[in-house]
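The lines below spell out each chain.
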Amino acid sequence: NAGVTQTPKFRILKIGQSMTLQCAQDMNHNYMYWYRQDPGMGLKLIYYSVGAGITDKGEVPNGYNVSRSTTEDFPLRLELAAPSQTSVYFCASSNRQGARYEQYFGPGTRLTVT
Amino acid sequence: EDKVVQSPLSLVVHEGDTVTLNCSYEVTNFRSLLWYKQEKKAPTFLFMLTSSGIEKKSGRLSSILDKKELFSILNITATQTGDSAVYLCAVDSSSNTGKLIFGQGTTLQVKP
Numbered sequence: 020n021a022g023v024t025q026t027p028k029f030r031i032l033k034i035g036q037s038m039t040l041q042c043a044q045d046m047n048h049n050y051m052y053w054y055r056q057d058p059g060m061g062l063k064l065i066y067y068s069v070g071a072g073i074t075d076k077g078e079v080p081n082g083y084n085v086s087r088s089t090t091e092d093f094p095l096r097l098e099l100a101a102p103s104q105t106s107v108y109f110c111a112s113s114n115r116q117g118a119r120y121e122q123y124f125g126p127g128t129r130l131t132v133t
Numbered sequence: 329e330d331k332v333v334q335s336p337l338s339l340v341v342h343e344g345d346t347v348t349l350n351c352s353y354e355v356t357n358f359r360s361l362l363w364y365k366q367e368k369k370a371p372t373f374l375f376m377l378t379s380s381g382i383e384k385k386s387g388r389l390s391s392i393l394d395k396k397e398l399f400s401i402l403n404i405t406a407t408q409t410g411d412s413a414v415y416l417c418a419v420d421s422s423s424n425t426g427k428l429i430f431g432q433g434t435t436l437q438v439k440p
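Each protein sequence line maps, in turn, to chains L and D. Residue numbers for the first sequence follow this note's numbering, beginning at 20 and rising by one. Residue numbers for the second sequence follow this note's numbering, beginning at 329 and rising by one.
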């Protein structure tokens, strides 16, 4: 049971390039989330999904896209990378069943756009 | 606009001290409040509070939620250097999406 996994761990992009951050979970959780964390700040929600085929915007969705074709995978796509997207990206999942439904986080992807 | 505010933003103490971290919130629909610990990597879950009262964990950590006054505190007694981390408070204000609103975090440094 690996929990939530993310790849890559680190990436440097040039302005205008695109990339996909991968996220997978093996806990059969329906709910998945993408956050970004800027230095010295809390986490901001980018996109989330309540199940396969269903996605919606969070607080800071501009410049990103997501898809959810399976329960396990929730990739985040960056189009036309900008320096403002330099951040640490965390993927999380939860099952929201029962009394305990905390979110489990992946190890993060540190992205630098120069 | 929903918001979560933590204080202080940073704190330096010595081993053995007791610390209190604060979290206040203003949300339209409160479901639960969560505390996470972050040590230079992914946040790890500490507490979930849904009703006013106290929840304990591991003996040295405890948390209180006051739904009337809209705040929570996280207490750490007999601090150890391993408690050094960023502590994040988050509020779940949605009944069916699980979206969390995070505070800025409190950076705690425990010196030997």
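Hints in this document: simulated from the structure, not taken from any laboratory. Among these hints, one or two may not hold up.
As a list, the in silico DSBU-like pairs of lysine-lysine whose alpha-carbon atoms are at most 30 Å apart [as the list claims (entries may be wrong)]: (1) D:Lys365 x L:Lys63; (2) L:Lys76 x D:Lys385; (3) L:Lys76 x D:Lys439; (4) L:Lys76 x D:Lys368.
Bear in mind that the values here come from a model prediction, so they are computed numbers and not experimental data.
Each hint tested on the structure:
no. : hint               : verdict
1   : D:Lys365 x L:Lys63 : holds (16 Å)
2   : L:Lys76 x D:Lys385 : violated (34 Å)
3   : L:Lys76 x D:Lys439 : violated (41 Å)
4   : L:Lys76 x D:Lys368 : holds (27 Å)
Consistency note: the structure conflicts with the earlier hints numbered 2, 3.
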